[in-house]
Structure formats: structure tokens, C-alpha cells
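A.B. asks: Residue strings, one per chain:
Number of protein chains: 2
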Amino acid sequence: MHSMITNEYKEIVENKKGKVDVTPIANFFRNEIKEQITKIGGKPRMVAFLTTDDQGALDYSKWTKIACNKDGIEFILKRIERVDLEDAIIEANQDDDVHGIMVYYPVFGGMLDSYLQDVISPEKDVEGLSTTNRFNLYHNIRYLDKEMTKKCVIPCTPLAIVKIIEQLGIYRENVELGQALVGKEITIINRSEIVGRPLAAMLANDGAIVYSIDINGIIMFEAGKRYGTIKMVETKITKEEAMLKSQVLILGVPSPNYKVNSDLIKEGTVVINFAGCLNVDEDIDSKTILVPTIGKVTIAMLERNLMRLYNNQRLKKTLPPQDQLNQYQYYH
Amino acid sequence: MHSMITNEYKEIVENKKGKVDVTPIANFFRNEIKEQITKIGGKPRMVAFLTTDDQGALDYSKWTKIACNKDGIEFILKRIERVDLEDAIIEANQDDDVHGIMVYYPVFGGMLDSYLQDVISPEKDVEGLSTTNRFNLYHNIRYLDKEMTKKCVIPCTPLAIVKIIEQLGIYRENVELGQALVGKEITIINRSEIVGRPLAAMLANDGAIVYSIDINGIIMFEAGKRYGTIKMVETKITKEEAMLKSQVLILGVPSPNYKVNSDLIKEGTVVINFAGCLNVDEDIDSKTILVPTIGKVTIAMLERNLMRLYNNQRLKKTLPPQDQLNQYQYYH
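The listed protein sequences correspond, in order, to chains R and W.
Residues 629 to 960, numbered by the numbering used here, are exactly what the first sequence covers, in order.
Residues 629 to 960, numbered by the numbering used here, are exactly what the second sequence covers, in order.
Treat the hints loosely; a few may be bogus.
In this list, chains with the same sequence are indistinguishable; a pair is considered to hold if it fits within one copy or across any two.
Unchecked claim - Below, simulated DSS-like cross-link-like pairs (lysine-lysine); rule was C-alpha separation at most 30 Å, straight line:
(1) Lys-706 with Lys-859
(2) Lys-864 with Lys-706
(3) Lys-812 with Lys-667
(4) Lys-853 with Lys-706
(5) Lys-779 with Lys-671
(6) Lys-690 with Lys-671
(7) Lys-671 with Lys-644
(8) Lys-867 with Lys-774
(9) Lys-867 with Lys-698
(10) Lys-924 with Lys-812
(11) Lys-645 with Lys-867
(12) Lys-638 with Lys-812
(13) Lys-867 with Lys-812
(14) Lys-647 with Lys-667
(15) Lys-867 with Lys-662
(16) Lys-662 with Lys-924
It is worth saying that the hints were derived from the structure and are not from the lab.
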């Protein structure tokens, strides 16, 4: 799983500098998905709700549709008034022909959007943003149900970033579970529940020390006592110190005005930018490995999550009706 | 239920002006609770987690403890590091001697706090802030379980505000369900998921037109087609127009600098302020009914919610173990 899926980056990894185009990584996963769909037949279907005229979201939905259609997935964009969104989500939850549901945020903004994330059934939560799927990620719970028939999905942007890091020579190979990033320090500038915190948890799970930075300060993430759980730790380290110690720097500040000072990034660092805009000077690739955008891999992970949900739902139909009702939440 | 529980406010209601002290309303509900506890015996227990030195939260916890102890409820304040809070909540979820759990927010701030609200089991969510309890409120789902043995709780600040409005001559008596506020217009300046939106939903359920205002604009709330459901509607009305049309104005902006211009509030309006600071000039009581603080009733509703959870959990022990596992969520 951690081995190189392409030779594309060999030179960049050896030289510890250069700009990375993630297309080969996306293609690798998309080919796997395409083959799987060809094999099992059927028509996995994803519905995406858009409530605004945001050009970024429109563009992203176009690319997603093109990729999905090429790979055998039906992608339906539904434009809808924001006040009608909740009802539309509930309808899609109940529609057996819909296997995955996503929403382009912001809709209302703030906590109401967080509420809407949880109206999507965890069983159709293709982006992995529902509290249930996030809780399960943080607590190493792999299944939505007691019977262990429905695998959880992982938020797709953090998943994409982990897949990219795996290809850039950071993970140690042939080590025990939870050991692949032992000794590594990673700084993430973003602690959202959508990307930054799930990502910190995933990297800490593999043994890294993660400095998670947002406007309120820095929190350290480490592996917990049991594999798959995490520990948050207060720290007095500064942002500058954290960046200078890190072998990987992950940037996700959604503002074109936010740029990290290049002097704070040491040579050979892997710099991954997932914000819509570049949070670092473009010429940083002369001394570091720069991944300026990750969108293509995110779309591949979205497809991957959809296939997981599709398979969960195919399986569900073979279970007796009683078990379909028991959507047990482990954590309560 | 809507009838006056005290004659205290008769003059104020008739004159349509004056300052309201909510103590008699709080005492009415607390006396009910005290009697119930005396009757059933037992020791309902609530645990409150505090992760900061915030003086406001400390003061509020002291008042809550005094009220609870007087009424027969054990209130335990646990001071804890924020990084340890999630584990502590999970432990309290699993502790059969704890019937209700609350947290003083902010802890980390932002979406992480929203996540923590959902780590509290809906069965012990004494403040009614979990997504499950809020979803159920918005969709008129009254029970947490399929067997209809565990009643949902309603967020306690909105519940307190409804109880106060009921005492100030706004509700029509002896009308059908969902009709008591027909013809009334109400403005709420706050659309948080903790107070403003659940409150808008509750008032819309009873037939009011609610103008829900936050920094992003105005949304109208009306009763949905089925009783107990709500409809959000886009509107072009301005904040000033909304306030001038309203018989009730509810203020919850957590900033001492935010004051509504008194000229925008018509004579006889019921003005309820639930922010920690007063969002209106204090002398507005010369032309309106002013409720400057509601904290005492909120504490009474917290106790009331705890009793509901306590009774749910007493009942649960008499159910066969299999049924205890089926924590079914209706909406997925």
C-alpha cells in the first residue's frame, strides 16, 4: 500500500526538490475503480447539491462529473435553493438508487452547515464529513454497524493528502502498523473538521508528531495508546519552530493573501497545498518538493468512497430487514 | 400549559411596558421538579465540564449548582484540560450514575466544539445540543428510540424563552395545536444552532412568522405542512422593517457594543435579551416589556431536561438488554 505506484516522482524524491503533478496518482486509483465497476457491473450513483452560483464549485463539479462518467459512475449535479436543501437531502437518503450524497459548502455558513453535514446519512456520506464518520475515524472504528458489514468512509481530502505523501518517500516501508511515520514531524496549517483535524489524526495514527495550527494556536497530535486512536497535547512550540522542524508542511488557508515566508521552510521539505490558492511562493520548488494542488486525487478518493458506499449498500440488500434498521452508533 | 403561572406580570402585561424579573417563572418549574424528586426518590446527577478559567462560566456553574442542590439534583463541576475532554465525555456516557452531561463552551472554538457536542450521548445530552436532539426538534420527532420510551430533550435556552413568552400574554389560549402564535411576528437577532434557530423553529411551530437575523442576513421561518415541522423561506424584508412589524423581539448578540436603536422597536413589544450583555438601552422598559436576563429560567429548564433524561434512563433499566442497544436514529 505504501510502495510507489509510479516512477514519475523518482527524480523529484531523490533531488528533494521540484514540482509534483498528482495526475499519475489520481489515474492509478481511478483505473482501479474503473476495473472494479466493469467487473461488478451496476451503476454507482452520486448526487451533488449546489445552492449557489459559486464559480469554483461549478468548475469543481464539472471536473468531478467528467472523471466520474469516464470511470462508470453517474454524477448528478442538482441545483437547488438553500432553504430546500434539507428536504432534498432527506429524500436522497431514502432513495435506494442514490449511493452517495455530497453538498458544496458554504450553504448558509457556520453551524447550520455543520448541521446539514449530519443530515446526510452516514451510509451515503461520500465525503466522510458526518460526525459519525469523523468520530469513527478518530476512534479507529472501521464499521458503521455492529455486524461489521458496512465500512466507514474517511474524509476524502485528508485521504487524498495521505495517498500523495505515501508517494513522495516519506512513509517507511515494511514496518509494523502505526510505525511508518515514527520520527517524522509534520505541520498542518488548518484545523478544520473537514481536512486539518482528520488529517492530523491519520498522520498521528501512523506515528508522526503533528503540529496542528489555526488562528487560535497550535495543538500537537500524537498516536494514542491503542492503535488507531489519537492524543491531543498542548504545546508551547511556535509556528516558526514547528515549520522548521517538519519534513512535511501542509497548507490549507483559504485566502489568497496568506503566504508562508519561504525562509521558514527548510530545504527538502514536502510542501502540500490544498487551499484553493497557493499559500506559499511558487518558486519554493527550487528548494522543496511542492505539490501545488491536489484536486485530482481528491476526486479519485471521492470515487473510491462512493464505491465503498455502493458495496455497503449492495451487501445491505442481502441482509434481513431487521438488521437494516439497527444503525447502531458505537460511541453512545 | 400556556396559562399564567403567576399574577406577578399582570400589570406589566396590561400596561404593555415595564421590566420583568423571571424569578417567579423559574421558581414555578423548580418547585415542580423538587416535588417530583421527593416523590420518586433517587439522586439525579449532572456532570458539567469546564476547560477554562472563564469567570462567566464559573459564576453560571455556581448558580446552577446552588439551584440543583436545593432541588435534589446532584451537580458535579469537573475542571479538566481541553485535550482530555473527549475521553472524559465518553467515560461519563458510559457511567450509569451520570444522567446528564454538559460542557461550558467555547472549548477549542469552531467546528471542533460542534463535534464535541455530538460526542455527548443524545441520551445524556441535558442541554439538548446534539445533532440528534436538534434534528428531532426540527422534524417533530419526540422520541430517541423506536420503542418510544426515551423522550427527546429540547435545547434549554430556547425552551426557557418560550416559557417566558408564554407568561407575557403573547400566546393565545384554548386554541388548537400549532395555532397559539398565528398572526404574530417575531424577530430573533441570533441564528446559532444553540439558541436562535431552534427557537425560531419552536415559535414557527406554534404559528408565528419568525424573522431570523444574523450577520449573513435574514431568513423567515414558518410552520411546515405537517405540525411540528418548519419551513425556511428567503425574504427581502430589512432588519428595520422586521423589528417594526414584530410583537416580540429576541436579542442574543454576545457583544457589549451591540445595541439595537430604540426607535426601531415599537411600543408594547416584548423584548427578551438572552445575550450575556444587554443588546438594547435599559430604559426601553418605559415603552416596552423588557426581559433583561433569562438565566434563572434556563437553569430551571436544564433541571427539567435532566429529569427527563433521568426518567428515560430509569425506564431503560426495565427494558430487556437487546432493546437498550437499539439506539435507532429515525432520520437516516
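A.B. asks: Hint by hint, say whether it matches the structure.
C.D. replies: Verification of the hints:
| no. | hint | result |
| --- | --- | --- |
| 1 | Lys-706 with Lys-859 | between (40 Å within a copy, 20 Å between copies) |
| 2 | Lys-864 with Lys-706 | between (47 Å within a copy, 25 Å between copies) |
| 3 | Lys-812 with Lys-667 | neither (40 Å within a copy, 61 Å between copies) |
| 4 | Lys-853 with Lys-706 | between (44 Å within a copy, 24 Å between copies) |
| 5 | Lys-779 with Lys-671 | within (19 Å within a copy, 41 Å between copies) |
| 6 | Lys-690 with Lys-671 | within (19 Å within a copy, 59 Å between copies) |
| 7 | Lys-671 with Lys-644 | neither (42 Å within a copy, 64 Å between copies) |
| 8 | Lys-867 with Lys-774 | neither (42 Å within a copy, 50 Å between copies) |
| 9 | Lys-867 with Lys-698 | neither (43 Å within a copy, 49 Å between copies) |
| 10 | Lys-924 with Lys-812 | within (26 Å within a copy, 52 Å between copies) |
| 11 | Lys-645 with Lys-867 | within (23 Å within a copy, 55 Å between copies) |
| 12 | Lys-638 with Lys-812 | within (20 Å within a copy, 70 Å between copies) |
| 13 | Lys-867 with Lys-812 | within (17 Å within a copy, 53 Å between copies) |
| 14 | Lys-647 with Lys-667 | neither (36 Å within a copy, 73 Å between copies) |
| 15 | Lys-867 with Lys-662 | neither (42 Å within a copy, 53 Å between copies) |
| 16 | Lys-662 with Lys-924 | within (15 Å within a copy, 61 Å between copies) |
In summary, the numbered hints that this structure violates are 3, 7, 8, 9, 14 and 15.
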